[in-house]
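*Asks:* What follows is each chain in one-letter form.
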Amino acid sequence: MNASLNEIENLCKKAARGAGLSWGLAEEAGRAARWLSGNGLDGPALLAAQLRLDDGCVYPQLTPDIGTECWERAGRSMCPLIAGVTLSDHAYLLHENGRVLLGKVTHPQLLMPFATASARQLGIALQLSWQGCTLEFSPAGQAVLIQADNFASAHVEGVSCICIKTTSGAGQALSGSIPTLSNSVHDYLDSLAARTYVPASEASRLSGAGAGLSDNL
Amino acid sequence: MSMRSPATVMKASRLGAFHQSRLSFMRQLLRRLKDEHWQFQRSVWTVDNQGVGRAVYTATGPLRSYSLVAFAHDLDPAMRSDRVIATAWDATFALFDGIPDADDLARLEANVPRQEAGRISSRELCMARANRSVRMFDHVVQTLSEGHQPEREEIDEVGYLMRTTAVYGSGKFGAADRESIALRPELAAPFQAEMLTVYLIRAFTLDLVEHMAKVRAPQLAVSLAPELRRRFGIGNSTGLGMAPFLLNHPVLLNNWVSARETALQRVRAVQQACAEERRVFADYLKRASASVSHWHCEHELQRARILKLQDDLSRVERQLDDGILDQNAPWDALYRWAEGVLSLEAQECLVSLLLEPYAHLVDDLGGAMHADEQQNFVIDGGMSVGRLREILQAHYGWVASIDFASESSQALFWYVSEEKLEPRIGQRFNEPGQDLEQPLAVARDIHRLQAALHPYMDEQRLAGFLLQHPEHRHSVRRVQLAPAFPYADIQDNLIDQALLPIDLVRCKLSFFGATHFDPRSDRWVRITLYQGAPFPHELTKMPADDWSCPSLDSQEQHRECVVE
Numbered sequence: 315m316n317a318s319l320n321e322i323e324n325l326c327k328k329a330a331r332g333a334g335l336s337w338g339l340a341e342e343a344g345r346a347a348r349w350l351s352g353n354g355l356d357g358p359a360l361l362a363a364q365l366r367l368d369d370g371c372v373y374p375q376l377t378p379d380i381g382t383e384c385w386e387r388a389g390r391s392m393c394p395l396i397a398g399v400t401l402s403d404h405a406y407l408l409h410e411n412g413r414v415l416l417g418k419v420t421h422p423q424l425l426m427p428f429a430t431a432s433a434r435q436l437g438i439a440l441q442l443s444w445q446g447c448t449l450e451f452s453p454a455g456q457a458v459l460i461q462a463d464n465f466a467s468a469h470v471e472g473v474s475c476i477c478i479k480t481t482s483g484a485g486q487a488l489s490g491s492i493p494t495l496s497n498s499v500h501d502y503l504d505s506l507a508a509r510t511y512v513p514a515s516e517a518s519r520l521s522g523a524g525a526g527l528s529d530n531l
Numbered sequence: 115m116s117m118r119s120p121a122t123v124m125k126a127s128r129l130g131a132f133h134q135s136r137l138s139f140m141r142q143l144l145r146r147l148k149d150e151h152w153q154f155q156r157s158v159w160t161v162d163n164q165g166v167g168r169a170v171y172t173a174t175g176p177l178r179s180y181s182l183v184a185f186a187h188d189l190d191p192a193m194r195s196d197r198v199i200a201t202a203w204d205a206t207f208a209l210f211d212g213i214p215d216a217d218d219l220a221r222l223e224a225n226v227p228r229q230e231a232g233r234i235s236s237r238e239l240c241m242a243r244a245n246r247s248v249r250m251f252d253h254v255v256q257t258l259s260e261g262h263q264p265e266r267e268e269i270d271e272v273g274y275l276m277r278t279t280a281v282y283g284s285g286k287f288g289a290a291d292r293e294s295i296a297l298r299p300e301l302a303a304p305f306q307a308e309m310l311t312v313y314l315i316r317a318f319t320l321d322l323v324e325h326m327a328k329v330r331a332p333q334l335a336v337s338l339a340p341e342l343r344r345r346f347g348i349g350n351s352t353g354l355g356m357a358p359f360l361l362n363h364p365v366l367l368n369n370w371v372s373a374r375e376t377a378l379q380r381v382r383a384v385q386q387a388c389a390e391e392r393r394v395f396a397d398y399l400k401r402a403s404a405s406v407s408h409w410h411c412e413h414e415l416q417r418a419r420i421l422k423l424q425d426d427l428s429r430v431e432r433q434l435d436d437g438i439l440d441q442n443a444p445w446d447a448l449y450r451w452a453e454g455v456l457s458l459e460a461q462e463c464l465v466s467l468l469l470e471p472y473a474h475l476v477d478d479l480g481g482a483m484h485a486d487e488q489q490n491f492v493i494d495g496g497m498s499v500g501r502l503r504e505i506l507q508a509h510y511g512w513v514a515s516i517d518f519a520s521e522s523s524q525a526l527f528w529y530v531s532e533e534k535l536e537p538r539i540g541q542r543f544n545e546p547g548q549d550l551e552q553p554l555a556v557a558r559d560i561h562r563l564q565a566a567l568h569p570y571m572d573e574q575r576l577a578g579f580l581l582q583h584p585e586h587r588h589s590v591r592r593v594q595l596a597p598a599f600p601y602a603d604i605q606d607n608l609i610d611q612a613l614l615p616i617d618l619v620r621c622k623l624s625f626f627g628a629t630h631f632d633p634r635s636d637r638w639v640r641i642t643l644y645q646g647a648p649f650p651h652e653l654t655k656m657p658a659d660d661w662s663c664p665s666l667d668s669q670e671q672h673r674e675c676v677v678e
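Residue numbers (this note's numbering), protein chains in the order written: chain A, 315 to 531; chain B, 115 to 678.
No lab work stands behind these hints: they were computed from the structure. Just so we're clear, the structure is a prediction, and the values are computed from it rather than from any experiment. Hints may be right or wrong, so weigh each one.
To be verified - Derived DMTMM-like pairs: lysine to aspartate or glutamate, alpha-carbon spacing no greater than 25 Å straight-line: (1) K125(B) with D517(B); (2) K479(A) with D494(B); (3) K655(B) with D486(B); (4) K655(B) with D397(B); (5) K534(B) with D501(A); (6) K286(B) with D504(A); (7) K400(B) with D494(B); (8) K422(B) with D632(B); (9) K534(B) with D504(A); (10) K286(B) with E230(B); (11) K534(B) with E383(A); (12) K286(B) with D501(A).
What the hints assert, rightly or not - Short, incomplete list of chain B residues facing chain A, as computed with Cβ under 10 Å: (13) A289; (14) D291; (15) E293; (16) L297; (17) R401; (18) Q488; (19) F491; (20) S531; (21) Q548; (22) L580; (23) S589; (24) V590.
Every residue gets a Cβ at the ideal spot worked out from N, C-alpha and C, and that includes glycine.
Build the full structure now, drawing on both the sequences and the hints.
*Replies:* Next comes the structure, spelled out in C-alpha cells:
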C-alpha cells in the first residue's frame, strides 16, 4: 500500500519499541526508516529485516564495544541501529580521530541515516564504505552513492566512516519517491507494534476515553 | 519588559485557561484568504432529496487551488457516535490538493466514506468526518421549509449544525506529509490545511441544511438570513487522543506559546495607548463579556470558572472606568493588576484581548509558529554530563517539588488501546498495562534521568551515558531542547491523580481558534469553530478578522431579549 513518511516513522517507531528497544532508540529507528524512505529506499523493509534479528535479544547483546580501534560485538554482528546511534552520539570522535571503524554489522544501509545526521551535526563531509560500496554525505546531509557494489548487503565484515575534506562531486545523489509498503513488511511491523498496545477491558472502554455520554444532541 | 517566564506560563492549569487570539490558526487563515483575494467555487453539488450525494468546493489562491470533496450520507441514528471508534458518519470529507477530476472523485468515494478503513493518497491533505446535531439540523430544515427563520437564541444555544469528530492531516492514512507542503506560503503556519478543511465543511453544512429545506417545500422554503447564518459555526468533539500531541511536539508547543508571549510582551511595552487603541480594546472587552453569557456548559468546574470570568471581566471594565490606562505603559499596568486579582481564566482572556488593538505588533508573529521537527532531533552526545546537569537545573527545577514516592503522584499512566489504537489514560495501581506505558510521564522520567546521572562525573560525555542507559535517551533528547525552546514543556506532573486532560486539549484547541469550550467530562470537550465568521462568498465584502467575539449590536439586542 502507499504510505506517507509520517506513517512509516510511526509504524517503525512502535515496531522497534515492540521488538524491545527503549523508547529513545525506537524514536531513532522510526526516524531512520523515514529518512531511508524519503530517499527512495525501502526503510520499513530494512528495519523489519533487522528487527527480526534483534527480536528476543537483550540490549547488551546488540551494543558495540567501543573501547577498541574497531567497534565490535564479540561473537556476533552488531545491530546497525544501535551502532548507528552510537556513531551519531560519538560524532565528536570523527572530529578528533578523523574516522570510526565498525566490525561485523548487518544491514549496513541502516547506518546511513546516522551518518547523514553526523555530517550535518558536525558540518563536515563524511564517507561511509563497506565491501566495495561507497557513499558520501555532504555537510547539508545530502547522500550520494559513489560506488554501488554490495550496496544492499544483508551482512558485511566491516564498515568505515571517515571525514573527508569535501564530497567528490561524483556518483548519484540518493532520491526517489517513497517505495510501496509491502503487505508482509507492514504486517510484520504491525505485529511488533501491537505488543505496545494494552487490551481493552469493560472498565477501560468506559473510563479510558472519558466517554459514555450520548452524542445524539 | 521581559516575557512571562515558562514557570508562570507552562502550568497545565494556565494552559487549560487559554483563549483564542489574533494568532489563532483559523484567524491567520481567514486574514490570508481575504488579503490574497482567494476565490471560492462550489463546482459540484449532486446531493439528492434524501441529502445523500457529493459536493466539491474549490478555494483558489494566488498560487494554487484546494478542493473540499464532501460526501453526504444517510446515517442510521443508532450509528451516530462522536467517538473515534465510530464506523459511520453523516458526512465525510477530504481536502484535495488541486481540482479533482472524475477519477479522483471516484477514488475518493471508494475510500473517504470508510475513513480509517480506507486509504487516501499524497494528493490529499486532510480527511475528516462530521455528524449532525440532530435536533438543530432537523429544526432548521423544518423552520426554513415553512418559510421562517430560526430564532437567534435557539441557534446560539447549540451554535452549529454539524460537529467534526476527526480532522486528520500530516500524512495520516496515506495523505501528503507535512514536509511536502510546509514550504507553501499558504500552508506554512500550523494546521492551515486542517483549518481550511473545517472552514469549507462549515459552508457545506449550511448549504446542506438549506438544500434539505428546499427539497421539503420547494415553493415555501427560504434561505437563512445572512446574519443568522453566520451564527452557525462547526462543532467539534475532542477527546484524549489529542492530549499527547503537546508532549510529542515540544518544539511546536514552544513556538506557539513563545509567539503568544512575545505578542503580550510587545503590547505591555507600549508606552502610550492612543484613543483608537483604547477604544478597540474597550469594545472587545464588552464583546467578550457579552459572549461569555452564551458560553453554555454543564461541567461543574468549568461552569464555576465561567461565572467567575463574567465577574472578573466586569472588574476589568471598572478598572478602565477608574482610569487605569491613564498612565505610561498602560497595558502593562492593567496586566499586572489582573495578575494579582483575577482568575486564570480571566487573566488569559485578558491576554488575548490585549492583542486585539495591535495587529501591527502581533500578526507577524504568526509566521514563527511552525516548526521544522526534522531539525533538533539529533542528540548531542558530545555534550558533557555537567552541561546537561546545568540545563536540568535551569529548566527542570520544578521536577524536584514533586514527591514521586507518593502513590497519587504516579496514579495515572498513558497507554495506547489495542482496541482502537488511541491514547488512553489508565489507573496505574488498579488496571493492567503499566509495563506498556507510553513515554509521556515527562516529570517522572526527568526525575529518573537525574538519578541515573548521579554516578557520572561532570566532564564525562553524554555519549557514554547513553550507551549504558538507552532507557533515558528520550528524556535526554527533550532536555537538550530546553535552552533553545524554553516553552517546550508543561511544568506539571502529567501522571498525577489530579491531572485534568482537558487542560491539554483546550490549550491546543485555543491555538486553533476554538471558542465555547464545553467539557463533557475531564477527558473530552466540545467546542465551536468559526462561529460568527464570514462565509467564503462573504469574504470580499466583510472584514476577515472581526468575528471572534460577536458584534456588540447583536449582543445588546440579545440582552434585551433576555431581559424581556
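*Asks:* Which of the listed hints are broken here?
*Replies:* 3, 7, 11, 16 and 17
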